[in-house]
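Take the given structure of chain H and dock chain C to it, following the hints.
Protein chains in written order, with our numbering: chain H, 1 to 299; chain C, 1 to 128.
In case anyone wonders, no lab produced these hints; they're calculated from the structure. Some hints could be false.
Below 30 angstroms or equal to it, Euclidean Cα-Cα: the simulated DSS-like pairs (lysine-lysine) are [what the hints assert, rightly or not]: (1) C/LYS87 <-> H/LYS220; (2) H/LYS177 <-> C/LYS71; (3) C/LYS34 <-> H/LYS111; (4) H/LYS177 <-> C/LYS34; (5) C/LYS95 <-> H/LYS220; (6) C/LYS43 <-> H/LYS98; (7) C/LYS9 <-> C/LYS86; (8) C/LYS34 <-> H/LYS204; (9) C/LYS91 <-> H/LYS270; (10) H/LYS177 <-> C/LYS43; (11) H/LYS266 <-> C/LYS91; (12) C/LYS54 <-> C/LYS95; (13) C/LYS111 <-> H/LYS270; (14) C/LYS87 <-> H/LYS270; (15) C/LYS9 <-> H/LYS177; (16) C/LYS86 <-> H/LYS129; (17) H/LYS72 <-> H/LYS14; (18) C/LYS71 <-> C/LYS87; (19) C/LYS43 <-> C/LYS71; (20) C/LYS34 <-> C/LYS86; (21) H/LYS266 <-> C/LYS54; (22) H/LYS177 <-> C/LYS54; (23) H/LYS177 <-> H/LYS129; (24) C/LYS43 <-> H/LYS111; (25) H/LYS220 <-> C/LYS86; (26) H/LYS220 <-> C/LYS91; (27) H/LYS270 <-> C/LYS9; (28) H/LYS270 <-> C/LYS54; (29) H/LYS111 <-> C/LYS71.
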Amino acid sequence: MIEVRNAVMRFDDKNALDGITLSVPEGCAYGLLGSNGAGKSTLLRLLSGIYRANSGEVRIDGEEVYDNASVKERVFFINDETVQFNNMTLTEMRDYYKRFYGSFSEELWQKLHSALELPLKKRLNTFSKGMKRQAAVICGIACRTPYLFLDEAFDGLDPTMRIIVKQMLIDAMVDNKLTVIFSSHNLGEIDEFCDRVGLLHNGKVVFDRELDSVKGSVFKIQTAFESPVTREQLSGVDILHMETSGSVVHIIARGDREAVRAAVEKFSPKLYDEIPLSLEEIFVYEMEVLGYDSSKLGG
Amino acid sequence: MLNIRLEGKLPIYEQLYNGISRLVTSGELLPDEKLPAVREVAKQFGINPNTVQKAYAQLEQAGFIYSIPAKGSYVSKGSGAAAAAKKDALKRTEKELRNAYAAGVGLEEIKSLAETVWSGGGKGGNHD
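Looking at chain H on its own, in the form it has when it is part of the complex (with noise of 0.2 angstroms):
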């Protein structure tokens, strides 16, 4: 179980992450969301060890995560920095984290890099960016932590990789019980492979929920009245948008499918259908009702 309260980080006078809190269950399989310079990468540092929050508390398993080994132990964090790995072979890297990792699972590491086609003695700065990605990611699935956090580990990767690492983690969820953070501009990867989701936005959440419940809380109603309907009319129904075009009437609106149903149908409409969202559709309209600009999101 992750617990982040209050954590503040800040760098030089700007809060880069101002006062989040969220949390993150066993097993699960969290999406973080949001812009460039959201925070969403000194948030997984932050879950690391690698930084100490300014205030607040930053918890795994219930201890707190920085300086403390037994922890550091539990959580691997795959990023774009492997520098510090440029002078080594992969046969060197895996040793590296085989020392650090006493679940290392030299077996596991083997099978893994028998799916992908890495060679094993020539130095990393050799690597292609999606090469050092994917070394990355059998070192991180082999050290066999419970906790992984992939920095948009998926962005650098092809179709087929992505498909074979998805397929490790996979394996990984259900053998080990892993919970995995992924930080993610892919709102698609995110809507098929996370169970919660977490949206960012400037240092702040602005929100954190489960996916299922995202994407049935909000719906677009497609209907057509006798006479004209007003937004004030339809009271009890939580309405994020609403356009007439005609005849037709669209609405967006939040809540519970059949209240809002019963709630339109005092109207006696002559047309009623739901029609799903997307997962993006749905961050526009949420975050149009918390009055940011959606357009400078995502992406």
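Same frame as chain H, now just chain C:
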């Protein structure tokens, strides 16, 4: 391998639920046939194993499948799956009936449509 496709905007566990219940109702999955393991389904579609678990749990609750601890999930015997399919069909029909009501379709029209379909042994009632 499950012969279903995941697409659309419904939550993934719901898509899985719909797909598998259809395979059971259509007889493509036979009574007592073993369903693929959670891991296999997750890998087939590249989705979260927890999501597959959730779909399986709901299918079990609805009576489409049963599970044997440490062995896996199996398709329910004829009667159990049939009852679950019936319940599901009624639920979907109710939703469509509401739409028909909202569109101004009369009760008599629905009754006569149902009679055509039933008397045709599940066929007939062309409203294309």
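Run the structure past the numbered hints and jot down the numbers of the failing ones, going up. 8, 16, 21 and 28
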